[in-house]
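Protein chains: 2
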Amino acid sequence: MKIVAIDPFYLRMPEITTAADGTQDTLLIRIRTDAGLEGWGECDASPLVSIAVYCCLMSHGNIINIRESLLDETLDKPADVLRLSEKVLRNALDIQHIQHAYSGAEIALWDLIGKKLEKPVYQILAEITETQSNPYPKLPYASVLFGDTPESTYQIAVKLREQGFRAAKFGWGPMGKHGEENDIALVRAAREGMGTEAQIMIDAGVVWGSDYETAYNRANAFAEFSPIWLEEPLAPDAISAYKALTDKNPRVPIAAGEGSSTYRMAEDIIVNGGVNFIQIDTGRIGGIMPSFQVRKLAEQHGIQYVNHTFKSHLSLAAALHVFATNPNFNLLEYPAANSELSQCIVKQPFQIDPDGLVRVKERPGLGVDVGTDAIRPFLAPVKIDVGSNTVFQQTSL
Amino acid sequence: MKIVAIDPFYLRMPEITTAADGTQDTLLIRIRTDAGLEGWGECDASPLVSIAVYCCLMSHGNIINIRESLLDETLDKPADVLRLSEKVLRNALDIQHIQHAYSGAEIALWDLIGKKLEKPVYQILAEITETQSNPYPKLPYASVLFGDTPESTYQIAVKLREQGFRAAKFGWGPMGKHGEENDIALVRAAREGMGTEAQIMIDAGVVWGSDYETAYNRANAFAEFSPIWLEEPLAPDAISAYKALTDKNPRVPIAAGEGSSTYRMAEDIIVNGGVNFIQIDTGRIGGIMPSFQVRKLAEQHGIQYVNHTFKSHLSLAAALHVFATNPNFNLLEYPAANSELSQCIVKQPFQIDPDGLVRVKERPGLGVDVGTDAIRPFLAPVKIDVGSNTVFQQTSL
Numbered sequence: 001m002k003i004v005a006i007d008p009f010y011l012r013m014p015e016i017t018t019a020a021d022g023t024q025d026t027l028l029i030r031i032r033t034d035a036g037l038e039g040w041g042e043c044d045a046s047p048l049v050s051i052a053v054y055c056c057l058m059s060h061g062n063i064i065n066i067r068e069s070l071l072d073e074t075l076d077k078p079a080d081v082l083r084l085s086e087k088v089l090r091n092a093l094d095i096q097h098i099q100h101a102y103s104g105a106e107i108a109l110w111d112l113i114g115k116k117l118e119k120p121v122y123q124i125l126a127e128i129t130e131t132q133s134n135p136y137p138k139l140p141y142a143s144v145l146f147g148d149t150p151e152s153t154y155q156i157a158v159k160l161r162e163q164g165f166r167a168a169k170f171g172w173g174p175m176g177k178h179g180e181e182n183d184i185a186l187v188r189a190a191r192e193g194m195g196t197e198a199q200i201m202i203d204a205g206v207v208w209g210s211d212y213e214t215a216y217n218r219a220n221a222f223a224e225f226s227p228i229w230l231e232e233p234l235a236p237d238a239i240s241a242y243k244a245l246t247d248k249n250p251r252v253p254i255a256a257g258e259g260s261s262t263y264r265m266a267e268d269i270i271v272n273g274g275v276n277f278i279q280i281d282t283g284r285i286g287g288i289m290p291s292f293q294v295r296k297l298a299e300q301h302g303i304q305y306v307n308h309t310f311k312s313h314l315s316l317a318a319a320l321h322v323f324a325t326n327p328n329f330n331l332l333e334y335p336a337a338n339s340e341l342s343q344c345i346v347k348q349p350f351q352i353d354p355d356g357l358v359r360v361k362e363r364p365g366l367g368v369d370v371g372t373d374a375i376r377p378f379l380a381p382v383k384i385d386v387g388s389n390t391v392f393q394q395t396s397l
Numbered sequence: 001m002k003i004v005a006i007d008p009f010y011l012r013m014p015e016i017t018t019a020a021d022g023t024q025d026t027l028l029i030r031i032r033t034d035a036g037l038e039g040w041g042e043c044d045a046s047p048l049v050s051i052a053v054y055c056c057l058m059s060h061g062n063i064i065n066i067r068e069s070l071l072d073e074t075l076d077k078p079a080d081v082l083r084l085s086e087k088v089l090r091n092a093l094d095i096q097h098i099q100h101a102y103s104g105a106e107i108a109l110w111d112l113i114g115k116k117l118e119k120p121v122y123q124i125l126a127e128i129t130e131t132q133s134n135p136y137p138k139l140p141y142a143s144v145l146f147g148d149t150p151e152s153t154y155q156i157a158v159k160l161r162e163q164g165f166r167a168a169k170f171g172w173g174p175m176g177k178h179g180e181e182n183d184i185a186l187v188r189a190a191r192e193g194m195g196t197e198a199q200i201m202i203d204a205g206v207v208w209g210s211d212y213e214t215a216y217n218r219a220n221a222f223a224e225f226s227p228i229w230l231e232e233p234l235a236p237d238a239i240s241a242y243k244a245l246t247d248k249n250p251r252v253p254i255a256a257g258e259g260s261s262t263y264r265m266a267e268d269i270i271v272n273g274g275v276n277f278i279q280i281d282t283g284r285i286g287g288i289m290p291s292f293q294v295r296k297l298a299e300q301h302g303i304q305y306v307n308h309t310f311k312s313h314l315s316l317a318a319a320l321h322v323f324a325t326n327p328n329f330n331l332l333e334y335p336a337a338n339s340e341l342s343q344c345i346v347k348q349p350f351q352i353d354p355d356g357l358v359r360v361k362e363r364p365g366l367g368v369d370v371g372t373d374a375i376r377p378f379l380a381p382v383k384i385d386v387g388s389n390t391v392f393q394q395t396s397l
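Chains as they are written, first to last, in our numbering: chain A, 1 to 397; chain B, 1 to 397.
Take the hints with a grain of salt, since some may be wrong.
[Stated by the list, open to error] No farther apart than 27 angstroms at their CA atoms in a straight line, the calculated lysine-lysine pairs in the DSSO-like style are these:
#1 B:87 - B:77
#2 A:243 - B:87
#3 A:296 - B:243
#4 A:177 - B:115
#5 B:243 - A:243
#6 B:87 - B:115
#7 B:296 - A:243
#8 B:87 - A:87
#9 A:2 - A:115
#10 A:296 - A:77
#11 A:2 - A:116
#12 A:243 - A:159
#13 B:243 - A:87
#14 B:177 - A:383
[Claimed, not checked] Quick partial rundown of chain A residues pointing at chain B, CB under 10 angstroms, derived from the structure:
#15 58
#16 97
#17 239
#18 261
#19 267
#20 271
#21 274
#22 385
#23 396
#24 397
Just so you know, these hints were derived from the structure itself, not from any lab. Idealized CB from N, CA, C, for every residue including glycine.
Put together the whole structure using the sequences plus the hints.
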């Protein structure tokens, strides 16, 4: 089949705040073929900046937009996705933003191939890499922001526990901003609210920059509350600081990697940063295949791969296919502070099964359908003119 | 003084081809203050994608555009530039494209500070880092594309030699695409055209991807023509392949780094890739200060820093300030295949002095003035609407 349309859709809530809540807007990519199939993907990125990568005028042979690279191309088999990804990335060699923008299209291409072959994406990945293809359930951890105070954090944790979550990650907000005592009180509140049986994770939201000494001290101070990990204590690029931190063997394992915009960034923080958990956002790193390659690298290094997902369940579906077949990678970031927008993007959100676990969808492609009627009210139509050219005009949902 | 306006200008030639010629379009950034001063900078990036980073609507606290971060801010001293850069980058933590876009603004901020303090930028950099402040002249190497054939490459080289160039770099085009024999013939033609006294460099334009064996064989095959370096034989991200290549000690030194969109990417290819020359584009890596930091790292590692410049002499001015004060870093990439557009951007292009060398401008700021009347015919006005918001409307030049 031939690719006949590549359409981005910028969706947003009417009110957007500075909270580190990634569900306030989103960019969906729809790709259609002449066989009447359509695939969807979601980017965790600035929607407008990413749209520009789909429509920018050519600057030279290394700055060519995604639409131009994909339109009229053949898409019949998994190898075509790999070939098209190579073409897109090569044509956009000098566009820094290419991975953030392309992620949605790459995911949509896998969705399309799955629909054409009538197989779930995880199964196709297993086949082309000749690895085992049984999917395993994951333990979802609710991913939420800290409350502004320990008390409000406690209330959030209690509510999550009442909702049945056996694991939860608390992040950003006041963490690291009001001194050690408050930081410890926040973690204590999370633990007490969730109870002693639950798994908790702490996300420091890059707050200590390159100050690995403070990160080390906090990790040790948090150890009495037994968090599974301390996440992003340092800036994404502070690889030497990560190395200094992990070399000191803090009493809580270190997680990082959501800022990986390329496979190399993930490889760098694993190999040279020494992290214990690698967290990859399929909607940032360029899609499903580079995420899968990081998963393989994590397996080689004996560390744990975890998804980073702070968008809708469309992103969650893509994320799950990447590591569904590895039983040891058993934790799933599960966005639990969802906006109204993010809750209506797919028609089949991932439910937590009675055993408390989440399973990949046994349906073709990603296994979820986009609720176009539900999301239409959130569409922010985009129009871009450059000189006398209208380079982007909104297509209808 | 206060920043009162941050204005991007997208300039382009009427016809743009797929040739790897970066001078076919450009993005200039003009920043104005309430003291009546203005500073300019140039990005080596996709203009439209970068403009989107100046005006995109907020997605959350980690996706805030550059204009919003800079507008109404105080700019009085060098420390303000560093503070503002930190703010811009932190506010745009989740925008992959932030460095490509911000480079032009960062350069403009240095231009402004130099004008305010009535000092050239290189001198301010020396003062704030307490390093020596004598500038040294550089040997310009003409940076051109290979001809389509060895014969046309020879003609290009002869012409450069007649123009007085004592050094020239030949790159991209057919290199690596038609087998070893043709590759060698291309290099031979460059050497014969330039003569035995000249310095020549070879730029393979990332053509061998991660195939370090071929890169190694080519480097050795080219050695008889004594090029100063073999540049970018491999993909920018192929750090392990660079390591494998440099560990084999090819007979021609290896240069790379122009694809560094962050300081860490440059650090990575130096520390983990083992390159002999690090090539940094001030218009991509986030501006003058991160480039300067790479220069310092190169000094620590005993390798050579070289600018990457394939835009106008506005970019060349910014590039020169970064390493003017290091006498050992004596080579200067000097764009010599300039479009009509790129030739008219500054009023004081860098001349090659009678001794064959190029010197940094001893004037405040970058030391060059933008020829607004000359470039106005090339302006492609941009308008961007998102929903009911016009987020970008062209200001006049």
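Here's how the hints hold up against the structure:
Note on residue 87 of chain B and residue 77 of chain B: the hinted pairing holds, with a Cα-Cα distance of about 16 angstroms set against a maximum of 27 angstroms. For the suggested pair residue 243 of chain A and residue 87 of chain B, the alpha carbons sit about 25 angstroms apart, so the restraint of at most 27 angstroms is met. For the suggested pair residue 296 of chain A and residue 243 of chain B, the alpha carbons sit about 21 angstroms apart, so the restraint of at most 27 angstroms is met. At most 27 angstroms may separate the alpha-carbon atoms for a hinted pair to count; residue 177 of chain A and residue 115 of chain B exceed this at roughly 37 angstroms.
Proximity of residue 243 of chain B to residue 243 of chain A is assessed by CA-CA distance (about 20 angstroms); at most 27 angstroms being required, the pair is judged to hold. Restraint check for residue 87 of chain B and residue 115 of chain B: the C-alpha separation of about 23 angstroms stays at or below 27 angstroms, so the hint holds. Under the criterion of a C-alpha separation no larger than 27 angstroms, the hint pairing residue 296 of chain B with residue 243 of chain A is consistent with the structure, at around 21 angstroms. Distance hint between residue 87 of chain B and residue 87 of chain A is unfulfilled; the C-alpha atoms sit about 35 angstroms from each other, more than 27 angstroms.
Between residue 2 of chain A and residue 115 of chain A, the direct Cα distance comes to roughly 14 angstroms. Compliance with the 27 angstroms bound is thereby established for this hinted pair. Proposed proximity of residue 296 of chain A and residue 77 of chain A is supported: the alpha carbons are some 22 angstroms apart, at most 27 angstroms. Taken as a hint, the residue 2 of chain A and residue 116 of chain A pair is honoured in the structure, with Cα atoms around 12 angstroms apart against an allowance of 27 angstroms. In summary, the hint linking residue 243 of chain A to residue 159 of chain A is not supported, as the alpha carbons are separated by about 37 angstroms, beyond the 27 angstroms threshold.
Using a Cα cut-off of 27 angstroms, the hinted pair residue 243 of chain B and residue 87 of chain A holds, with the two alpha carbons roughly 25 angstroms apart. Proposed proximity of residue 177 of chain B and residue 383 of chain A is contradicted: the alpha carbons are some 39 angstroms apart, above 27 angstroms. Annotation: interface hint on residue 58 of chain A holds; nearest CB of chain B at approximately 6 angstroms, less than 10 angstroms. Given hint, residue 97 of chain A at the interface with chain B, holds; its Cβ is 4 angstroms from that chain's nearest Cβ, closer than 10 angstroms.
Here the hint on residue 239 of chain A is kept, as its CB sits about 6 angstroms from the closest CB of chain B, short of 10 angstroms. The interface hint given for residue 261 of chain A is met, as the beta carbon of that residue sits about 5 angstroms from the closest beta carbon of chain B, less than 10 angstroms. Interface restraint check: residue 267 of chain A against chain B, minimum CB-CB distance 8 angstroms, threshold 10 angstroms, status holds. Annotation: residue 271 of chain A was flagged as interfacial toward chain B, and the flag holds, the nearest CB pair being 8 angstroms apart, inside 10 angstroms.
Because the smallest distance between the Cβ of residue 274 of chain A and any Cβ of chain B comes to about 14 angstroms, over 10 angstroms, the interface hint for this residue is violated. A distance limit of 10 angstroms between C-beta atoms decides the matter here; for residue 385 of chain A the minimum to chain B is near 5 angstroms, and the interface restraint holds. With its C-beta approaching chain B no nearer than about 15 angstroms, residue 396 of chain A sits outside the 10 angstroms limit, and its interface hint is violated. Look at residue 397 of chain A: its Cβ only gets to about 14 angstroms from chain B, farther than 10 angstroms, so that hint breaks.
The structure is inconsistent with the numbered hints 4, 8, 12, 14, 21, 23 and 24, although it conforms to all the rest.
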